[in-house]
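Chemist: Since the structure of chain D is already known, use the hints to place chain Z on it.
Each chain, written out:
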Amino acid sequence: MIAEFSASSIAFWLLSAVSIGSAAVVVFTRDVMRLAISLGVFFLTVAGWYLYFTHAFLAVAQVFLYAGGVLVLVLFAIMFLRRSKAGEPILESRHSTDSVVIAVGLGFLVVMSLRDRVPIALPQQAFPTTTELADILLGPMLPHLAAVSLLLLVACVSVLVVFGGERE
Amino acid sequence: MNFVLVASILFGLGLYGVLSRRDVIAVLASVELMLGAATVMLVGLAGLPSLSSQGGADPGTIEATGLLLLVMAAAAAAVGLALLVAIARSTGRTRTDELTDVRDRP
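Sequence lines, in order, name chains D and Z. Heads up: the first sequence begins at 6 in the numbering used here, then just goes up one per residue. Heads up: the second sequence begins at -6 in the numbering used here, then just goes up one per residue.
Among the clues, some could well be false.
Stated by the list, open to error - Short, incomplete list of chain D residues facing chain Z, as computed with Cβ under 7 Å:
| hint | residue |
| --- | --- |
| 1 | VAL75 |
| 2 | ALA82 |
| 3 | HIS100 |
| 4 | GLY112 |
| 5 | MET146 |
| 6 | LEU157 |
Unchecked claim - What follows is a list of derived Cβ distance ranges for each label pair:
| hint | chain 1 | residue 1 | chain 2 | residue 2 | range |
| --- | --- | --- | --- | --- | --- |
| 7 | D | ILE25 | Z | ARG15 | 17 to 25 Å |
| 8 | D | CYS161 | Z | ARG86 | 22 to 30 Å |
| 9 | D | CYS161 | Z | THR84 | 23 to 31 Å |
| 10 | Z | MET65 | D | ASP140 | 18 to 26 Å |
| 11 | D | VAL106 | Z | LEU(-2) | 17 to 25 Å |
| 12 | Z | GLU91 | D | ALA16 | 38 to 46 Å |
| 13 | Z | THR93 | D | THR134 | 49 to 57 Å |
It should be emphasised that the hints constitute simulated quantities derived from the structure, not laboratory data. The beta-carbon is built from N, C-alpha and C at its ideal position, and this holds for glycine as well.
Just chain D, same shape as in the assembly:
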C-alpha cells in the first residue's frame, strides 16, 4: 500500500519532528548556546504551526516578537551572566522519576481529554486580512488591546526600574 502524502501532511510531520526535537534539546542539553539556538528553532517552528493553522499574521508576529526579540534578550542574559570557557557543559539538571511522572501524566491527561473531539484533518480556513484583524482589535477587542498595552507599559517600566535601581 502506497501512502498518500499531501503537502499538508508533510508540513505536519516536519513541524512535529523539528519542534519536538528542538524542545528536547532545550530541556536536555548542558551547553547554554545550544539551548539558545534550539530555543530559536523552537520559536520558528511555533511560527510554522501558526502558518499550518492558516494564521499568517500571527506567524509573522511570532517571528518578530520571539525569534527576533525574546531570543535576543535570552542571548543578552547569557552574555551578562556566563563567564565559562567555550564548550564547557555548565547547565545542570536533577533528573528524577517524580518530574517524569508529573510531565507525562499531565500530557497524557490533555491528550485523553481531547482525543475524540479533535479530527486528524483540520478544516480549511480562509486567511484573515489585516483589515479584518484591525477591525476586530479596534472594535470588540479594544478593551483587551488597551489592557495588554497597559501591561506592556508596566512591563517596560518594571524592566527600567529593575535595571536602573542600582547606584554605585
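Modeler: The following block gives chain Z in isolation, referenced to the frame of chain D:
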C-alpha cells in the same frame, strides 16, 4: 496523531524542564516551551467546529486573541529575564537551589 498530541508532548517537555533544571535560564527557556505549546493548542483548537456549538471561532478573532497572548507572554519573558539578570548581578548566583534569600529571610 494530530496537533494535540504534539502540543502535549511539547508542554510535557517544558514542564519536565521546569521541574528538573537547576539553572534559571534553562528554567525560563522551559517556561517558554510551555507557553509556545499552550498557544499552539489554543490557536489550533479555537478553529475546530467540533469544540464549539457555533462552528468554531472566527479566524480574525483567533488571530487577534493569539496576538494579545503573544504580547503578554513576551512582556512576561522580558520582566523575568530582567529580574534574573538583576538577581544574578547582585548575588552572583543563577541556580535555583542557591536562590534562597526570600525563603530564608525572616
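Chemist: Which hints from the list above does the structure break, by number from lowest to highest?
Modeler: Going through the list in order, the structure violates no hint and respects every one.
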